[in-house]
Amino acid sequence: MSEEEDEIILSELDDNDLVQQMFDDLYDGLKEEIEEGVNILLERNWEPYRILTEALVGGMTIVGRDFRDGILFVPEVLLAANAMKGGMAILKPLLIETGAPRVGKMVIGTVKGDIHDIGKNLVGMMMEGAGFEVVDLGINNAVDAYIDTAKSEGADIVGMSALLTTTMPYMKVVIDTMVEQGIRDDYIVLVGGAPLNEEFGRAIGADAYCRDAAVAVETAKEFIARKHNQMAAG
Amino acid sequence: MTNPLTKLLSERDWLMTDGATGTNLFNMGLESGEPPEFWNVDERAKIVSLYKGAVDAGSDIFLTNSFGANASRLKLHKAEDRAFELSRISAEIGREIADQAGRTVIVAGSVGPTGAIMKPVGDLGHAEAVAMFEETAKGLKAGGADVLWLETISAPEEFRAAAEGFANAEMDWCGTMSFDTAGRTMMGLTSADMVQLVESLPNPPIGFGANCGVGASDLLRTVLGFSAQGTERPIIAKGNAGIPKFIEGHIHYDGTPDLMAEYAILARDCGARIIGGCCGTMPEHLRAMREALETRPKGQRPSLEIITEKLGGFSSDNDGTGADKPAARPRRRRARG
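Residue numbers (our numbering), protein chains in the order written: chain A, 1 to 234; chain B, 1 to 337.
Incorrect hints may have been included.
Said to hold, decoys possible - Derived coverage of chain A by chain B (criterion: at least 3 residues anywhere in the stretch with Cβ under 8 Å from a Cβ of chain B; other residues may be distant):
# : region
1 : 74-82
2 : 191-197
What the hints assert, rightly or not - Listed next, with one range per pair, are the computed distances between beta-carbon atoms:
#  : chain 1 : residue 1 : chain 2 : residue 2 : range
3  : B       : 96        : A       : 183       : 31 to 41 Å
4  : B       : 232       : A       : 180       : 51 to 61 Å
5  : B       : 11        : A       : 222       : 54 to 64 Å
6  : B       : 29        : A       : 154       : 33 to 43 Å
7  : B       : 299       : A       : 211       : 49 to 59 Å
8  : A       : 154       : B       : 323       : 22 to 32 Å
9  : A       : 181       : B       : 304       : 26 to 36 Å
10 : A       : 144       : B       : 29        : 15 to 25 Å
11 : B       : 203       : A       : 222       : 28 to 38 Å
12 : B       : 323       : A       : 54        : 30 to 40 Å
Simulated from the structure, these hints should not be mistaken for lab results.
These figures come from a predicted structure and were not determined experimentally.
Yeah, the Cβ is synthetic: ideal placement off N, Cα and C, and Gly gets one too.
Based on the provided sequences and hints, a complete structural model is requested.
So, in structure tokens, the structure goes:
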């Protein structure tokens, strides 16, 4: 292996090659390289929103797809998400400044009694990777934490995660309370976690069960689009 | 002194473990989100009944109610200082039940994951994890557990940390991981990887294997993966009783006792010597499994087709072993300075 051939100078790549290289670097979880790529694109007068969607979201879509297909696993995805976060930290203030379009807002947390936040973190990161705003409630959330935060944040989506058979039924408690308060239809409710399945999601009254973080992103986009269509229709 | 589990393994071709802890406790009134380990003190009679359910159904080994009795998980309930105590009491109750059984029954001290991700990807350091596992292990030892039983682990780092904690507590152990993501653990470990991991430890477990995961079929594919490595170490199969369904406010697993009996036979044919259930496995399942193991002869190692035919399909096309595993995206190599 020749060192010289392997050396890649990001600033010498044209826009197209640079974005392709950023896809590779996100895939390999190289945070500094992603930050450098974002800064170069900004210097080249790319709109922050364009950098987000074309370079970062584009790259994370590939990561999400390979995660869904059992090619990448949690450690690689966490590293990729961490690299993405580095790029987002640069873009976030600029996105607000330039009034970039809002994709949607999600409140997410593991349910009461459940400490296992790996899946929840992955979903949060991939949702951010897809341009959503994410309010992370952390672990061990009682029904009030979900509902109060969803209201105060004006969220579109409530996401609940559970890894244990002893904690997954609590999701129904949250949904039942939303129904009682007459606010169930104000939110898209997505659930996930290793012991769950589609049928369980339906039985407890969630809008959808999401098998993994990549599916969560696809599902969220679909529901948000549907919501916008409904609003446009009437 | 020879560990009672090692002795039993030298006398018998197969042993049966217990079934579910959570599912059984729910049926006794545990509420979702409540830590089951508190019941060791607050609802002792129900824990006695949990253990007795397994022993009376014919289990040779049962696991203590201490899956979440580590400082990291108990912290959630502001009980991080109770890891030793709750572990000890779970084993004390177990010792009492086992000693009344009238035959050798092994008290296996359950040790579950910390729930945290270890460094470098996560925040939990090795020494910190070792200390937590050691504390739980010492509690279980003080309560009279015969052996420790690490279960539902997905990260190799955490498996190693637990082994070190157990060595510090001078306890023999068994260890299983959950293969729930395309035939691998959540962290990407394959069945073949686990065999290597186990043999690389300075204090390898008495037995190793798989628990929980997706369904009985997937679990047996994993067991076949262990066997294919030519390991001599006893293999453990502890699969779920089917898939969870939510019916009238409760979780039910759709695996019938007959299906679990079929699973137990196939698990033995796949090379497992310690066979039991996990989530959804109730005493009636265990009884059917025991009867099948006692009355039906050991058969040939089954093919994947036979497993599918008898227990249903797999959750993914392959399990990351063999040549047909999917390839990662080709990338330009780069030298990191």
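Status of each hint after checking the structure:
1. Here's how the region 74-82 of chain A fares: 5 of its residues keep a CB closer than 8 Å to some CB of chain B, so the rule of at least three is met and the hint holds.
2. A stretch counts as covered by a chain when three or more of its residues have a beta carbon under 8 Å from one of that chain; for the region 191-197 of chain A and chain B the count is 4, and the coverage holds.
3. For the hinted restraint 31 to 41 Å between residue 96 of chain B and residue 183 of chain A, the CB-CB distance of approximately 50 Å leaves it violated.
4. For residue 232 of chain B and residue 180 of chain A, the hinted distance range of 51 to 61 Å is satisfied, since their beta carbons lie about 58 Å from each other.
5. Here the CB-CB span from residue 11 of chain B to residue 222 of chain A is close to 58 Å, well matched to the stated 54 to 64 Å.
6. Between residue 29 of chain B and residue 154 of chain A the Cβ separation comes to about 39 Å, which falls inside the hinted range of 33 to 43 Å.
7. At about 34 Å, the beta-carbon gap between residue 299 of chain B and residue 211 of chain A misses the expected band of 49 to 59 Å.
8. At about 51 Å, the beta-carbon gap between residue 154 of chain A and residue 323 of chain B misses the expected band of 22 to 32 Å.
9. The given range of 26 to 36 Å is broken by residue 181 of chain A and residue 304 of chain B, whose C-beta atoms sit roughly 49 Å from each other.
10. A C-beta distance of roughly 24 Å is found between residue 144 of chain A and residue 29 of chain B, which places it inside the suggested range of 15 to 25 Å.
11. Look at residue 203 of chain B against residue 222 of chain A: about 50 Å separates their beta carbons, and that is not inside 28 to 38 Å.
12. Judged by the Cβ atoms, the range 30 to 40 Å given for residue 323 of chain B and residue 54 of chain A holds: they are separated by roughly 36 Å.
This entry does not satisfy hints 3, 7, 8, 9, 11, going by the numbered hints stated previously.
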